[in-house]
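Chains as they are written, first to last, in my numbering: chain L, 1 to 157; chain U, 1001 to 1122.
Simulated from the structure, these hints should not be mistaken for laboratory data.
Do not rely on the hints blindly, as some may be mistaken.
To be verified - The calculated label-pair distances, taken between Cβ atoms and stated as ranges, are:
id: 1; chain 1: U; residue 1: GLU1066; chain 2: L; residue 2: ASP99; range: 26 to 32 Å
id: 2; chain 1: U; residue 1: GLU1073; chain 2: L; residue 2: GLN39; range: 39 to 45 Å
id: 3; chain 1: L; residue 1: ASP134; chain 2: U; residue 2: ARG1005; range: 29 to 35 Å
id: 4; chain 1: L; residue 1: GLU102; chain 2: U; residue 2: LYS1007; range: 17 to 23 Å
id: 5; chain 1: L; residue 1: GLU11; chain 2: U; residue 2: LYS1007; range: 39 to 45 Å
id: 6; chain 1: L; residue 1: GLU157; chain 2: U; residue 2: VAL1119; range: 57 to 63 Å
id: 7; chain 1: L; residue 1: GLN155; chain 2: U; residue 2: GLU1044; range: 40 to 46 Å
id: 8; chain 1: U; residue 1: ILE1108; chain 2: L; residue 2: ARG25; range: 32 to 38 Å
id: 9; chain 1: U; residue 1: PRO1089; chain 2: L; residue 2: ARG144; range: 18 to 24 Å
id: 10; chain 1: L; residue 1: GLN70; chain 2: U; residue 2: GLU1066; range: 30 to 36 Å
id: 11; chain 1: L; residue 1: GLN39; chain 2: U; residue 2: GLU1051; range: 49 to 55 Å
id: 12; chain 1: L; residue 1: GLU102; chain 2: U; residue 2: GLU1066; range: 27 to 33 Å
To be verified - Partial pick of chain L residues on the chain U-facing surface, computed with a CB cut under 10 Å:
id: 13; residue: ILE46
id: 14; residue: ALA48
id: 15; residue: PHE50
id: 16; residue: ARG51
id: 17; residue: GLY53
id: 18; residue: ILE77
id: 19; residue: GLU79
id: 20; residue: ALA91
id: 21; residue: ASP94
id: 22; residue: GLU97
id: 23; residue: ASN98
id: 24; residue: ASP99
id: 25; residue: ILE104
id: 26; residue: GLU106
id: 27; residue: GLU143
id: 28; residue: ILE146
Treat the numbers as computed from the prediction; the structure is a model and nothing was measured.
Positions of the beta carbon are idealized from the N, C-alpha and C atoms, including for glycine.
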Amino acid sequence: MGDIINTIFFEDFLLDHDIYDANERWWDCGIQFLLMPYQIEYQPYINAKFRNGKKFYNGNPMYNALVSNQKRAFKIIQENPKETDRLVITAWVDSFENDDDEQIEELTISMILSNKTNKIAQDWIEKWLVELVDEKVINELIERDINTLQEQIYQEE
Amino acid sequence: MAKKRKKHRGRIQAQGGDNDLESSQSWSQEEPLNKEDGLRLLEELKNQIPEEEANKRKYAFKKVQEFIEEAAENGGVDSSIRNISFLEPGTKDTRVDIEVKSGIAFIILASLILIIFIVWAI
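All chains, full assembly: derive it from the sequences and hints.
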């Protein structure tokens, strides 16, 4: 995973809460930058805290956003880059019921954050929330991008 | 007349993978789900799915167990966590999810007794 490992962002996010908080803000800025041109309104829908107020601080999820009028959401699970047995990025679509019993379609992206995976994740989020591609299309795209990335990693090794 | 829903509801699901598994253990009750019952549901889910599927989710099951235990030490979780996924490393979407639909889950039994006592006293 040479190139991908070399460009990992916030590598120690699980070891240091300040790094973790900065990592969260980085996602917040990145998503604002991505969605603002399309005037898409979104808000967080997952409170990643225990009932005593303590944050999970485990990257699960690192970031989340719901676009209420689209009934679509996405969340980012940021994985530990030191666990190298993982796929560097993957994703799936599922659904959950909101408080009004409406089905929300949710794209979950699980990733080790690097320059390369960030670009892929942003592309998937754009397709999901801006182009509003359906589940079949996003699944095909995910499959294609994972395979391409795996091939690149294989060739680098 | 619509059936009145229980206050504390949720489920633990084994999902995804090559066989696109969808299997769950749910709770629906008037009192918060305690840690012991959460761990019992997790164990029942493990036993409910084919052994091969359980083996494919060993890490994810362990992570869910750790999450329930950590939650219990921190007052539990409520429905604002929605749906938390624990992915099996090296897979596209083989995972175990926790979904808290309403109310509170994974609290320590002593806390539950205290909550019931306070509600009863009021």
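Would you say the C-beta atoms of U/ILE1108 and L/ARG25 sit inside 32 to 38 Å of each other?
-> With a Cβ separation near 33 Å, U/ILE1108 and L/ARG25 satisfy 32 to 38 Å, so the hint holds.
Holds or violated: is the Cβ of L/ALA91 closer than 10 Å to a Cβ in chain U?
-> This interface hint holds because 8 Å falls under the 10 Å limit.
Honestly, do L/GLU11 and U/LYS1007 meet the 39 to 45 Å range at C-beta?
-> holds (43 Å)
Given a hinted range of 49 to 55 Å, is it respected by the beta-carbon distance of L/GLN39 and U/GLU1051?
-> holds (51 Å)
Would you settle whether the hint for L/ALA48 is holds or violated, based on the nearest Cβ-Cβ distance to chain U being less than 10 Å?
-> holds (7 Å)
Return the status of the interface hint for L/ILE104: holds when the least beta-carbon distance to chain U is below 10 Å, violated otherwise.
-> At 9 Å from the nearest chain U Cβ, L/ILE104 passes the 10 Å test, so the hint holds.
Using 10 Å as the Cβ threshold, decide whether L/ASN98 counts as touching chain U.
-> holds (9 Å)
Are L/PHE50 and chain U close enough, Cβ to Cβ, to be under 10 Å, as the hint says?
-> holds (3 Å)
Hint says 40 to 46 Å; check whether the CB-CB distance for L/GLN155 and U/GLU1044 agrees.
-> Distance hint for L/GLN155, U/GLU1044 holds at roughly 45 Å.
Any CB of chain U closer than 10 Å to the CB of L/ASP99?
-> With a closest approach of 8 Å, the L/ASP99 hint holds.
Beta-carbon spacing of L/GLU157 to U/VAL1119 - inside the hinted bounds 57 to 63 Å or not | holds (60 Å)
Can L/ARG51 be said to touch chain U, with a Cβ gap under 10 Å?
-> OK, holds: L/ARG51 within 10 Å of chain U, min 4 Å.
When held up to the earlier numbered hints, the structure conflicts with none and fits them all.
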